[in-house]
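Read top to bottom, the protein sequences are chains A and B.
Here the numbering used here is used: the first residue of the first sequence is 1, the next is one more, and so on.
Here the numbering used here is used: the first residue of the second sequence is 1, the next is one more, and so on.
Take the hints with a grain of salt, since some may be wrong.
One-sided excerpt, in silico: chain B residues whose CB lies under 10 Å from chain A [as the list claims (entries may be wrong)]:
#, residue
1, S72
2, E90
3, Q248
Lysine to aspartate or glutamate pairs mimicking EDC-like chemistry, simulated, CA-CA at most 20 Å apart [unchecked claim]:
#, chain 1, residue 1, chain 2, residue 2
4, B, K134, A, D2
5, B, K113, A, D2
6, B, K212, B, D278
7, B, K74, A, D2
8, B, K223, B, D275
9, B, K212, B, D306
10, B, K262, B, D278
11, B, K8, B, D21
12, B, K262, B, D306
Between beta-carbon pairs, the in silico distance windows are [stated by the list, open to error]:
#, chain 1, residue 1, chain 2, residue 2, range
13, A, L19, B, N14, 39 to 45 Å
14, B, K261, A, A164, 51 to 57 Å
15, B, L285, A, A170, 56 to 62 Å
16, A, A170, B, V18, 40 to 46 Å
17, A, E56, B, N14, 55 to 61 Å
18, B, K8, A, L178, 45 to 51 Å
19, B, E176, A, A113, 39 to 45 Å
20, B, R55, A, I128, 34 to 40 Å
Just so you know, these hints were derived from the structure itself, not from any lab.
Note that the coordinates shown come from a computational prediction; the quantities given were computed from them, not determined experimentally.
We treat Cβ as the ideally placed atom computed from N, Cα and C, and that holds for glycine.
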Amino acid sequence: MDFASDIWYTLVRRFRIGLREPIWIFFSLAQPLIWLLLFTQLFKNLALMPGFPTSEYLLFFAPGLIVMMAVFSSAYTGFDMLQDIQFGVVDKMLITPANRYALIIGNILNALASLTIQILIIFVMVYIMGVSVATGAGGIILTLIVVWLIGLAFCSLSYALIIATRSQTALVVIANLLSLPLMFLSSAMMPAELVPDWVGTAMMFNPVNYAVEAVRPLFVSGYDWSSYGMGLLVLGVFAAVGVVTAVLAFRNFGK
Amino acid sequence: MELIVTDKLTKIYNKQIVAVDHIDLDIKEGEIFGLLGPNGAGKTTTIRMLSTLTRPTSGTASVAGYDITRDSRKVRQMIGYSAQAAGLMENATGRENLDLFGRYHHMDGGLLKERIDELLELVNLTEDANRLVKTYSGGMRKRLEIATALVHQPRMLFLDEPTLGLDIQIRVNIWEYVRKLSEAGITILLTTHYLEEADRLSHRVAIIDKGKIIATGSPEELKSAIEGDAVSLRMPSASAEEQAATFQKTEKILSAQPFVKKIMATHDGVNVYVDRADEATPRILRLLEKEGVETASTTVSRPSLDDVFIRYTGRTIAEEAARNNVGKGGK
């Protein structure tokens, strides 16, 4: 009971504070919009190539963008906690009887809640631009499940990194260094059939690629349970590794 | 009755940095106990161990009979901790800050609301309760911060450098609140490197240096142990060698005098401890002048806690603060 209440109040207070940060609105609206406009223009003619799965690049790119935004915004969530650590708030929380695990889980859940809103905004954006999801409401829910798993994994790793390093620079450098290759070594922007062999091989080891592959058919063609199942499996393991890492990092906080 | 007892409490970081070295403390229920020492002396580490935040490397400590390692949950219910850092959520209101800490203490909603109103009243923040903390002044933050440590009505309050970096008027104002809390029956352990703060607030003081307790007692006891006044002689600035030579010469001249009780080097001259400074000062100056030792100025002081520190360590706390000014924050 106390455990649930500790999670709940951590989640609520963080969420409320998040709403007061205008920068958050920027990330939710401006960033995906910029990507959308840039990429659909840049790669417009790709869709004319033989072997391209859709006739409109936007329809192909929309699920890729959703996965991409999930990765990017999760990767930087550690910043929230950095401020709390530097301001001594985490120390003060840790000497209350509140459960240590509940504190970190509450933070992760808040990151997922914010992420969900961000992703729903992107759904609205691409809908306005003319994309309709082939599988409808069911597809949107299945997409959100994939987004949550990505969020769990990357938010947790981001928290773990900030707890271990206490360094803003380290988080920026590592998040930047990893997120772009993770995107380009996936089929977010380019179909797997059209990339060089070595990239295709690299994709097989990239969890982000499994997310894109799981979600794209829901947008483009219809339910594809084998790629969706594979995605859930890979991302499930990845998310579990992330959460365990974060919990372990937090357990040793300050000792 | 003792509320806190420590037995050879020790913390070693990374197997080599001894932050706290076998300290024995006993803090009585109801008193304000000051832990005075320069930055890096081990004050914050001591408080972090006692508040269950950091695990001791060896030794034990208990709060109201509960062991800080084994019964940490029990200990946490009884203590409040006011951090050296702001310890507040900037983008939350004063009331929200208090509310969250109450929730983490699993307090019932109605009771918590009453308690929050009471605390806001106590620290004089009722009118500002619904403003965001980032709009608060330094003194308001500190008052709110102390209030967040009190939501669950702890028996024991840890204050880590409660007035660090605050203006003197605000500092005096915070002292008033601390006294008020003490009168309400809360036992308080405060760390500080401000002599005046330790002197004016604490019932008893422990002086800590390099992880070791070097003296414990009431401020009066500690000061009277110094026996007498200090005549501080400032010498004209010179190289370190010249300074050392001057000190040796001064010591040689003065130690022969029966009225001189103790001579110590300071960073810019010499402190001479005597029974009566008013009579001794002219004699000292005459003696030194005869032997050709130049003095730039003299000041006379009644013993302070700094003199107690000097007596045991040969350094002043202010000098230590300057030397440690690299910002390691006393960890």
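Practice item. If any of the earlier hints don't hold here, list their numbers in rising order. Key: 3, 4, 6, 16, 20
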